[in-house]
Amino acid sequence: MSIGRSEVLHVARLAELAVREEELDRLVSQLNRIVDYVTQLDQVPADRMAEPFLPGPAAAALREDVPDPVPLARAPAEFAPEFREGFFLVPRHGAMEE
Amino acid sequence: MSWETVIGLEVHVQLRTRTKMFCACRTSFGDPPNTNVCPVCLGLPGALPVPNAQAVLLGATAALALGCTVHHTSVFARKNYFYPDLPKGYQISQFDQPLATGGRVAFESPDRGRVQAGITRLHLEEDAGKLVHDRFPGKTAVDLNRAGVPLAEIVSEPDLRSPAEARAYLTTLRQILMYAGASECSMEQGSLRVDANISLRRPGEARLGTKTEVKNLNSFANVERALEAERGRQVAVLEGGGRVAQVTLLFHAGTGQVKQLRSKEESHDYRYFPDPDLPPLVLNDAWIAERRDALPELPEARRSRLEMALGIPAYDARVLTSEVPLADYFEAVVAAGVEPKTAANWVMSEVMTTFNETGGFPVPADRLAALVRLVRAGTLSHQAAKRVYSEMAESPDGDPAAVAERLGLVQVSDEGALGTWVDEVLAANPAEVARYQTGETKLMGFFVGQVMKRSQGKADPKGVQQVLRGRLEASQQA
Amino acid sequence: MSAAAVAKETGARLAATQHLNATIHWSEGLLDAEAARVDAARSPGTLSAMPIAIKDNIVTVEQPTTCASRILEGYRSPYNATAVTRLRAAGAMIVAKTNMDEFAMGSSTEHSAFGRVKHPIDPERVPGGSSGGSAALVAAGVVPAALGSETGGSVRQPASFCGVVGMKPSYGRVSRYGLVAFGSSLDCISVLGRTVDDAGRVLSGMSGHDPLDATTLSRPPMAVPTPRADLEGLRIGLPREYYPADLHPGVAAGLRRTREAVEKLGGQVCEVSLPHSPYAVPTYYIVAPAEAAANLARYDGVRYGPRTVGPEGDIHALYQATRGEGFGAEVRRRILVGTYVLSAGYYEAYYRKAQRVRALIAEDFRKVFESGVDLLLTPTTPTPAFKAGEKTEDPVAMYLADIFVCAVSLAGLPAVSLPVGRSEGLPVGAQLIAPYFEDERLLAAAAAIERAVSADAEVRG
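Residue numbers (numbering that gives the first Met the number 0), protein chains in the order written: chain G, 0 to 97; chain A, 0 to 477; chain V, 0 to 460.
Bound-form chain G, shown alone:
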């Protein structure tokens, strides 16, 4: 298994992570090292495979439909990077308009 530069850049785009050109080669080699390492799971014979496992309750406990939100000790305006007239603001985002 070998991951190339373009694959790392593709994954970085999916993850919305800026990757600097000068760190790319090192990242590529580290990711290859990690992915090569985890690939040893291929040694586990497929016939021994069980259903995927998650610990914890077997079934989700449901919540009654009663309004009772956890209160906020400080309002969004106090932690938002940009907030005006009740709204969070981001740079103009046009994809859905056009």
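If you're looking for bench data, these hints aren't it; they were derived computationally from the structure. Possibly wrong hints are sitting among the right ones.
List of simulated lysine to any residue pairs, SDA-like, C-alpha gap at most 20 Å [stated by the list, open to error]:
{"#": "1", "chain 1": "V", "residue 1": "Lys366", "chain 2": "G", "residue 2": "Pro51"}
{"#": "2", "chain 1": "V", "residue 1": "Lys263", "chain 2": "V", "residue 2": "His315"}
{"#": "3", "chain 1": "A", "residue 1": "Lys129", "chain 2": "G", "residue 2": "Ala79"}
{"#": "4", "chain 1": "A", "residue 1": "Lys78", "chain 2": "V", "residue 2": "Ala343"}
{"#": "5", "chain 1": "A", "residue 1": "Lys138", "chain 2": "V", "residue 2": "Lys263"}
{"#": "6", "chain 1": "A", "residue 1": "Lys441", "chain 2": "A", "residue 2": "Gln465"}
{"#": "7", "chain 1": "A", "residue 1": "Lys129", "chain 2": "G", "residue 2": "Pro51"}
{"#": "8", "chain 1": "A", "residue 1": "Lys129", "chain 2": "G", "residue 2": "Phe82"}
{"#": "9", "chain 1": "A", "residue 1": "Lys138", "chain 2": "G", "residue 2": "Pro51"}
{"#": "10", "chain 1": "V", "residue 1": "Lys366", "chain 2": "G", "residue 2": "Arg47"}
{"#": "11", "chain 1": "A", "residue 1": "Lys214", "chain 2": "A", "residue 2": "His251"}
{"#": "12", "chain 1": "A", "residue 1": "Lys78", "chain 2": "V", "residue 2": "Ala348"}
{"#": "13", "chain 1": "A", "residue 1": "Lys138", "chain 2": "V", "residue 2": "Val308"}
Put chains A and V on the given structure of chain G with help from the hints.
Leaving out everything else, chains A and V in the frame of chain G:
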């Protein structure tokens, strides 16, 4: 050569709950921005989702109403993508193990008569927030009041064969969901949204053509318009020797045109995986059976019951069952003793007009029944009854007899009073009297009308006729 | 002793140990406020005036919560974690937020935006991680107990390195509400304590079902364990996969001592096998990064935290710049690995496969416990604390520091690390593992071993 149109619809409906899908924030519409928010729906560090029991119940109810199999175990999954309206960077949805699969909707196709469309699946998910683009220059504003509102996504099979048929399917689907009490299904408030997939192929061909997806459809009429536009566009592409590309398009209601959004190739890789914050949703068979038994009567069943049991025409039954409150009102009027066809006539005219205008029934069913009884007893003319009805609709306090009395609309049958009006009319129209007497007896209608007018609708038309006939014959003999 | 007096002493000790760089935030003002709150309370509570330090990935209203990351610089949570609320209600005082590997990703507490934490015994060495700050504070005698968090050994491993008790409860025993998510199916708020009793009392105080966390079990809170006098009638399994030939001699010697003590206490020792445990680390390094990649998507500079606007000024530039600059190298690596293993075409080969191997790992434990084994005894770490910088270049070498602790996390089991001696002055830890939800019995047995084995005695290979 002709083309066969193949359409499948993805419908998102907001489930009628008081709180969000995974947190206890209110779902109310129209509140100030970012006021119905908490750590969970803001996607704050450390917050965790807990599913809403009522949303599960309504989702299951909707699924059963659509004839789906509700699964014993379904799994919430994370659908990963970045968007400013998506607080966690993923949407909690259901993917390879949805709540329900394999249903159907039977409906009246404008082209093919009675047909069925398959329902591929119904799954639960949370809504995203709202983006406002036109409020601050150069900025997009984010309101997360909607974020986390519970939705059911209902995916149809590609069984629809024309834009008009798609619209008819939607109308029926909406009716079923409203009957089931699962959703308000209001496109204005965003509690029902539609995305449409459309492709073309040669008739008889089994393989589907390349489909495109049309979004931003804000009314059923626009679904039809948008699909017409997109069908036209695809026909032009294919007949020009081109190939349809798999793209997403937005419909612009103003221009009636569709416009490409982005091509599927560069669309998202959603990296679905089971949400580790949520154990599987497990519903036991007894509970599912209970939900099925608790289903209210659905439009189809109610329509045929009204038709069969009450003997009203098919058309009337269809109109009366178009909405639950209308059908309920009609049945209440019948239960109050009104003959079904008479009740149907009233509900489909006077009552429906006010219902469409106000969304309500200002005249209670038993009052309408009482009014109809006055007509039957000859106390009110039909004409007068309509006036009494509108008066009652305006000020819904009075009982119909009292209102009729107050308006002076109680029918007059007293021969003396009728005679006075008749005499006045005959005196005022000597030419017509003469013509009648020369054999032009169809003028009787004219005289009756004049008397009714003079009496302001109060005169009993049968009595008027009787008195008129007596007077005219008497004067002829004289 | 009044809470005010405890707070004053704690403040003095915090001030005296600043060179360890174990805290991210504390202040005398907040200490006084906590003390006043506890002293004013009508009932002293089960944790009466106990000073507790909290790992900085557990949200608190009063202090900032940064996860030792620049992406949460200055972030102040508008709500408290359930564990914090419960501990405060039980009379505990929150005295500090502790340093950690960024977003709990690491095994040495070197990956912190606030600089590395120093080992209290040897400043050249690491305290382990990711809960290194909490472990160092307890080891330095600043607090009797601290909260850490575990995803794959992040409390047991630093406990072992620092010579304190590290208790990871069963998954679903303690609410994760307010624990900043890393690997949601693995994360557990856990306790570092001076003694088994300290750890047990803190765990008891915060355990139990939480309606705000769907992964907690609807069972009553854990009672404070009553220490066992001996281990009569208990079978203790030694899984052979956890005793490799190349085990560090000091660690091997520590475990030999522990085994002898167990037998002296009447416990019956037997060899067992957990054949899939060798796959635990690779399994973990698929599952945890995959979940982390999704869990860390919310740090996008839209709703909270600092924001970096990219050169293009659009939303994608904002995301990429904010996340590219806000996350440190190890976090970025794991996000990329996690995104990769979930991406189209790789899901089956990596994530789903890993969850299946995870089932085999859990199944091994179940079978051994069903065969009549009550507890398992293993080393906590393959070596004592290593030197700073020793493993930072090779991520996989760092991951292997967790080779004996990962399987337990994947299986959701309770386990405790106990100090069982020192090798060339550095603490050595032994790990006791119990069946699911047997946390109380685990601590009761651990208390007997704790009494029988001197933590400070030098052991020789």
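Now for the hints, and whether the structure bears them out:
1. Lys366(V) / Pro51(G): Roughly 17 Å between the alpha carbons, so the hint for lysine 366(V) and proline 51(G) holds.
2. Lys263(V) / His315(V): violated, 64 Å
3. Lys129(A) / Ala79(G): Holds, because 17 Å separates the two Cα atoms, which is no more than 20 Å.
4. Lys78(A) / Ala343(V): holds, 12 Å
5. Lys138(A) / Lys263(V): violated, 72 Å
6. Lys441(A) / Gln465(A): Since the Cα atoms of lysine 441(A) and glutamine 465(A) sit roughly 15 Å apart, the hinted pair holds (cutoff 20 Å).
7. Lys129(A) / Pro51(G): Distance ~36 Å between lysine 129(A) and proline 51(G) Cα, so the pair is violated.
8. Lys129(A) / Phe82(G): Holds, at about 15 Å.
9. Lys138(A) / Pro51(G): Given that 20 Å is the threshold and the Cα spacing comes to 44 Å, the pair is violated.
10. Lys366(V) / Arg47(G): holds, 15 Å
11. Lys214(A) / His251(A): holds, 10 Å
12. Lys78(A) / Ala348(V): Cα-Cα ~19 Å, so holds.
13. Lys138(A) / Val308(V): At roughly 13 Å apart (the allowed maximum being 20 Å), valine 308(V) and lysine 138(A) satisfy the hint.
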